[in-house]
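K.L.:
Heads up: the protein sequence lines correspond to chains E and L, in order.
Offset between the first sequence (1-based) and the working numbering: plus 11.
Offset between the second sequence (1-based) and the working numbering: plus 3.
Worth flagging that the hints you see were computed from the coordinates, not collected in a lab.
Quick caveat: nothing in here was measured; it's all calculated off a predicted structure.
One thing to keep in mind: the hints can contain errors.
Claimed, not checked - EDC-like cross-link-like pairs, simulated, lysine to aspartate or glutamate; straight-line CA separation at most 16 Å:
hint, chain 1, residue 1, chain 2, residue 2
1, E, 218, L, 49
2, E, 218, E, 334
3, L, 108, L, 49
4, E, 218, L, 136
5, E, 210, E, 83
6, E, 127, E, 27
Unchecked claim - Sample of chain E residues lacking proximity to chain L, with all beta carbon distances greater than 10 Å (derived):
hint, residue
7, 87
8, 130
9, 295
10, 333
Positions of the beta carbon are idealized from the N, C-alpha and C atoms, including for glycine.
So you can see what is in the structure, the chains are spelled out below.
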Amino acid sequence: MSFGDFLLNNLRQFWELTGFANAEIGNFVMLAVGLFFIWLAIKKNFEPMLLVPIGFGILIGNVPFNTGAGLEVGIYEEGSVLNILYNGVSAGWYPPLIFLGIGAMTDFSALIANPKLMLIGAAAQFGIFGAYMVALLLGFAPDQAGAIAIIGGADGPTAIFLSSKLAPNLMGAIAVSAYSYMALVPVIQPPIMRLFTTKKERLIRMKPARAVSQNEKIIFPIVGMLLTCFVVPSGLPLLGMLFFGNLLRECGVTTRLAKTASNALTDIVTILLGLTVGASTQASQFLTPQTIFIFFLGFMAFIIASSSGVLFVKLFNLVLPKDKKINPLIGNAGVSAVPMSARISNNLGLEYDPSNYLLMHAMGPNVAGVIGSAVAAGVLLGFLV
Amino acid sequence: MNKRIIIAAIALVAGASSLMAQSRKAVRLNEVMVENTSSIVDDYGEHRGWIELFNSNFAPIEISSMYLSNDSTNPKMYPVPLGDVNTRIAKRQHVVFFTDGEPEKGTFHTNFVLTPGVENWVGLYDADGSLIDAITVPAAVLADQTYARATDGNGEWAVRSGHGDNYITPSSANVIKDKNNRVEMFAERDENGFGMTIMAMCVVFSALLVLCLCFYAIGAIGKNLSRSNKIKSMGDDHTDPEVRAATGHDSGEEIAAIVMALHEHFNAHDEENTILTINKVKRAYSPWSSKIYGLREVPQHHRR
């Protein structure tokens with residue numbers, strides 16, 4: 012072999028390892044999707060904390076490489092760095108850590124002051140089971156249908172947790188779908204809220220919530236965890252961590268822990284979760300007809316969840332005394348996209364009455380939605396595993 | 004202080020040891036073959052009777068220093084040897100001991116033999132000699148038949164002949180599942196998902212309804228307690244019903260309104276003894292946190 016052949020052979024081998032030689036059309040489609048997510052986050056400010064890591068993760072996951080070369084760089088290749096980071100998603104331990112942070116940063120006062128708002132959070136879970144029925148109609152098996160339907164809970168960590176148990180093969184599509192629709196909550200929900208409410212209903216003023224004592228705030232996470240987890244023990248990882256985080260916040264003697272859980276820890280896990288979920292959407296795994304169905308079902312689940320929350324409040328108002336009516340604009344907040352959907356209730360309320368602030372009232376069903384979706388996930392897990 | 008540390012340490016040790024004991028209790032006798040002429044062979048290629056253990060936990064269990072015995076009066080008949088990595092049973096997995104009476108052949112060869120044609124008692128003991136599980140294999144169990152639990156770690160014991168569904172399963176699950184029965188059941192009985200929706204929504208509503216009622220009750224108790232505390236703090240003279248009723252209406256807004264009204268009326272202001280001082284917070288300069296060193300200046304375009 013001449014020296015020239017030697018150089019050519021090595022360069023040819025190197026070329027075969029490059030992304031250019033291994034690229035397929037699917038990779039470019041997914042790269043475009045990743046760039047779109049990053050654009051949405053930066054230009055449109057749609058959930059940037061989620062969409063930037065997911066979008067960049069999609070870019071990372073779709074750089075083509077020769078899988079036969081044993082480079083151990085792909086997220087699905089055992090022992091690779093990305094695979095190790097992905098363990099938090101596949102084994103389902105990132106979502107409970109996120110729930111710890113959510114608990115540590117959530118003030119449940121609105122819910123404690125007006126406990127009936129919890130029922131709105133329960134009603135919004137119809138989105139999950141409406142989507143479950145449609146998924147069955149489309150030919151998905153019950154466990155896959157359950158994993159897809161949880162998108163309707165509008166809760167990314169719960170969706171990842173449940174899909175990792177019920178349908179690991181669909182987890183990438185489910186996670187991306189859940190986070191995409193959560194980012195699009197400001198676009199999806201307002202038309203539904205307007206459609207199902209009259210102008211008179213949108214002007215309903217709710218009484219300010221009563222002051223909640225420190226003792227009640229401390230009792231809430233303890234009783235909440237015991238009650239919900241006794242009913243649905245399979246929701247223990249999510250609910251246990253959620254209420255634990257809240258106890259750290261409210262007990263007054265673990266301020267440092269609560270701060271770490273709600274800031275540094277949540278930030279770290281959000282980065283790892285977003286990045287690895289994004290990277291899990293390799294074109295070969297992601298670009299399938301099933302993914303299109305999942306996105307369609309996710310969209311339906313969001314619409315059903317938002318509608319059922321609003322309609323439930325209207326129904327509830329029929330039995331409530333005149334001075335205790337609930338503004339149906341807070342019904343959409345029953346989905347657990349905290350605090351985005353509560354902010355939407357507030358903004359829409361202010362649009363019709365500039366002095367009618369609904370934010371604190373909407374936070375009640377919003378955090379109830381977090382509990383409700385975790386309970387619903389526990390129920391699906393209990394029935395289908 | 005030292006006393007507290009000692010008590011905490013004792014509690015920790017007691018808790019840890021009880022946890023360990025609890026996990027070892029999850030090991031079960033799962034299947035027994037007394038006489039083996041055509042079933043599995045051991046590492047030496049010989050057909051021997053065997054005992055299968057099953058870890059019913061969802062965590063690995065180390066079984067070294069536990070005991071197997073075929074004599075209830077001698078619980079420490081065969082100690083599972085220490086120092087063998089294979090004595091750690093993975094979660095929900097099995098391990099087989101050959102009952103050949105030749106412990107020198109290795110960890111999984113017991114020093115006792117099961118006798119065909121008679122009842123054989125087999126016991127599994129923890130390191131402290133406490134019985135974990137025991138079974139009497141009937142004399143009627145023939146050669147190449149096993150006496151096994153219906154499902155792993157659970158259910159009734161029954162004779163298995165190895166024919167049809169009565170399969171013999173050394174080192175594997177007693178019931179071979181080729182599908183998820185629950186999923187199959189839902190696919191068959193609840194095609195459109197109504198059943199799941201009704202059941203699940205009932206559970207979700209019940210859980211949150213119970214929580215809701217509970218917090219109404221806690222709220223009511225809290226209000227009563229704070230009211231009675233206020234009455235107490237006002238002294239024994241203020242026990243008439245009117246005062247009690249009045250103490251219930253002291254929301255923040257009302258108090259603020261009353262205070263403002265008094266302030267306006269009397270133009271009153273308290274003389275405070277307290278001196279409020281605002282200290283300037285100084286932060287020591289450190290180049291490690293200085294943005295000057297962390298950020299690059301944006302290049303300027305200079306046009307001529």
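K.L.:
For each hint, tell me whether it holds in the structure or not.
P.N.:
Results for each hint:
1. 218/E with 49/L: Violated. Residue 218/E to residue 49/L sits at ~82 Å, over the 16 Å cutoff.
2. 218/E with 334/E: holds, 8 Å
3. 108/L with 49/L: Roughly 12 Å separates the two Cα atoms, so the pair holds.
4. 218/E with 136/L: Cα-Cα ~63 Å, so violated.
5. 210/E with 83/E: violated, 59 Å
6. 127/E with 27/E: violated, 63 Å
7. 87: The claim stands: residue 87/E keeps its Cβ more than 10 Å from every Cβ of chain L (closest is about 23 Å).
8. 130: The claim breaks: residue 130/E does not keep its Cβ more than 10 Å from every Cβ of chain L (closest is about 6 Å).
9. 295: At roughly 26 Å from the nearest Cβ of chain L, residue 295/E sits farther out than 10 Å, so the non-interface label holds.
10. 333: holds, 20 Å
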